[in-house]
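In order, the protein sequences belong to chains C and P.
Start counting the first sequence at 257; every next residue gets the next number (my numbering).
Start counting the second sequence at -10; every next residue gets the next number (my numbering).
Derived from the structure by calculation, the hints contain no laboratory data.
Since the model is a prediction, treat every value here as computed from it, not as a measurement.
Glycine is no exception: its CB is placed at the ideal position from the N, C-alpha and C atoms.
Any given hint could be a false lead.
Quick partial rundown of chain P residues pointing at chain C, CB under 10 Å, derived from the structure [to be verified]:
| no. | residue |
| --- | --- |
| 1 | Arg31 |
| 2 | Ala35 |
| 3 | Gly227 |
| 4 | Ser241 |
| 5 | Tyr245 |
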Amino acid sequence: ICFSKPALPLCMTNCPTLIVTVGLPARGKTYISKKLTRYLNWIGVPTREFNVGQYRRECVKIYKSFEFFRPDNEEGLKIRQQCASAALNDVRQYLADKGGQVAVFDATNTTRERRGTITAFAEQNGFKVFFVESVCEDPEVIAENIVQVKLGSPDYTNCNTEEAMEDFKKRIKCYENSYETLDEVLDRDLSYIKIMDVGRRYLVNQVQDHIQSRIVYYLMNIHITPRSIYLCRHGESDLNVKGCIGGDSGLSPRGKEFANYLGQFIQSQEISDLKVWTSQMKRTIQTAEAVSVPYEQWKALNEIDAGVCEEMMYEEIQQHYPLEFAMRDQDKYRYRYPKGESYEDLVQRLEPVIMELERQENILVVCHQAIMRCLLAYFLDKTAEELPYLKCPLHTVLKLTPVAYGCKVESIYLNVDAVNTHRDRPEVGISTYSHTDTDFVADLVNIRGNLCYA
Amino acid sequence: MIQTVQQTLLQTGQRLLWVSSCLDLESCLDLERMDTQTKWERTWEASVPQLTNSPTLIVMVGLPARGKTYISKKLSRYLNWIGVPTKVFNLGQYRREAVQSYKNFEFFRPDNEEAMQIRRACATNALEDVVIYFSKEHGQVAVFDATNTTRERRISIVSFSKEKGYKVFFVESICDDPDIIAQNITEVKVSSPDYVNCDKDEAQADFLKRIECYKQTYVPLDDEKDRHLSYIKIFNVGSRYLVNRVQDHIQSRIVYYLMNIHVTPRSIFLSRHGESELNLLGRIGGDSGLSPRGHKYATALGGFIKGQHIKDLKVWTSHMKRTIQTAEHLGIPYEQWKALNEIDAGVCEELTYEDIQENHPEEFALRDQDKYRYRYPKGESYEDLVHRLEPVIMELERQENVLVVCHQAVMRCLLAYLLDKTADELPYLKCPLHTVLKLTPVAYGCRVEHICLNIEAVNTHRERPGNVDITRNPEEALKTIPDHF
């Protein structure tokens, strides 16, 4: 019985890393923090963000105006320093005591002095530091940011749009005079990436290790151009109809109908420059054929390999491999089919797909149930526990549109009947099947998660 | 019949290319036919889509001895390995062909009109060859390896590319550390054909004067003036990078690669696991443990490694028993990569070659026809392996001293990358059991030392047999299989 170990050696993320954002308000620091956190967690690196603004809101219950941020406001400064300290304290706990690998310290950190304090804190605790600075002078981009995420902030619940906009602009001004950008000479010993003009240009300095290299690569591939990602499974397949998992069968008649409807739906959406991706399995290719847009095939989008259980029905698996069946329900994310894969393995092989999805604009991905669950978990920030139980029914298109800090999801059922292939997490109990050697089973249950090979 | 075949074409990730005049397919008129051969071939869809449309021209920028040729060759090796046809066009080589013997640095003086003309003609010839490479030789990426230190030269390259529909990406190397420059000159310049008749010091002195000639007119890529160009600027061998306007997937991959390579001296040790139980039986794949001789090897490997006194050695294995058991004997912490697992032979897992010939004779023949692209049913191809090994290669580049304990097919892929072998050579590279390969980067390539640890093992290497036709008889198919118990 095999539960997968993370496919990447853990050693590469040994020393905890503190990512520190730098930049004036409305430069996308929180957007970057949240997105980076979501990505790192998805690839299996426990990451959490610590937003100083939130600490401040908890401390100062009611926000009055930009005056709080004036550099000569002694009281304001004291409170803000306390909040930063409280946040760093939580960072220390997360990284040292709670098994965190990466902490993202999301604040302006615009003075060299403040950054010096943070660097000293990190050194004391044995954390590596990596700065992510966002520099942008395009007034349109800044105004758009303010509209998208600041006006709706708890700070401005009682203001109208103009008031809020005015106040926020004055808030930015409070920071401008003391802003010391990361300097090529003065800060040449620091590790950082400076993102300029929303990704037009990057300055990367002293990347220390693997995780920083991955972070840089990720940050250099994301963009904020509006676009939509369409996810759907192949049309109902012949094996679906039989209730069998895996295999490489073609579409059933209803599946073919879905493919046609999908083609019509896509046409009706009038999407500019749509890319279409499929796996290398018949059922996704046949589905894409009906869309009449050139498509590209990725082996990485192939359905999870169920190994010895390929093409079996759940009843057959229960009959031939009852222990396996139960183990899978214990930890569906890490459980690896004998001679097959786990969801955790899937995430590893899907990472280049995600990276390329980030680079792309409008795109339709025709894939499979387990695959779609992994992709969805990435976009909607679902945990490893939730991922294998996400609902991805046949004949339904999910349209994901990035908005503010997250993703808007529209579910479009194309009205062609199909079998249901979703299996909820059952009540887990080893007692539900009879096995003479109950102690043996109990031992296996206890050591699950520590085994990699039988 | 035609419709069924066409449907099969659509339905699978394989493209059927009929090249025979098979009797019952005479009616397939709208499929390609080649009359000369009597074998039919199958092609497999690459595991990763092309993602590159227009050809890309990478243009190096920088003073002499800044690592431009080193970067050009390394980048080209990497891109070819991941399946992007790439070629380097080194201007120095064109110049050496035009001017048969090099006298001294005076050739490079900016006021040497005659030389200037020759140099300009060489650049034109090189760019013409780039056009041929892209239009007639299916090239995807061309690396124009020259100093390209003036804005004027770069502008002319950009308009040339625009005219032809090529994307341009500049790679500038900036270095002002005199130690690094001196080291470069010693490693690659002093032994260049230009200095074949000079002693080391003369060569060094002349080359330094050559650099001075360029310095006068060198205009680096400018933040303001060149803000519309796509480029990466590498400072001081990678301590800092400036990246501007990455246009597409391939440029993003190039940037990622360039940001992960380094020049710190180190060695990479490659070895297979010790002989396994299944090896002894002549069976492929599976997940068996070591044979007694395999254990002996593992112990010997431990001794060898200790004897090398390697600083900070990292050890990597796959998730399979035989590599893990091998590494256990080393007494050093090791890290397991699933990506280092042996090629998945699908339906042929744990079979002997005789079994495969008996049960899947057509598959056996197809594999011999195109061993790199052939994908076992429900398994993988070498091409698939390369793609799953790419993150391993990237991390190998980042690391320093590493010992990789892996498997035959995997080791062939890694070796092909490190030694710049083609897709045709790759599946036939010799990687015998119980032998360590020590690879040490030197100059523009890699020095290889074969260290056989003198423990007997079966041979698992199967040469390509003479007859790869599906109509061949079993003896012909099994002619080259190695002995086993």
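Going through the hints against the structure:
1. Arg31: violated, 14 Å
2. Ala35: holds, 8 Å
3. Gly227: At 8 Å from the nearest chain C Cβ, Gly227(P) passes the 10 Å test, so the hint holds.
4. Ser241: Holds: closest Cβ of chain C sits about 6 Å from Ser241(P), inside 10 Å.
5. Tyr245: For Tyr245(P), the interface hint holds, since the closest Cβ of chain C sits about 5 Å away, which is under 10 Å.
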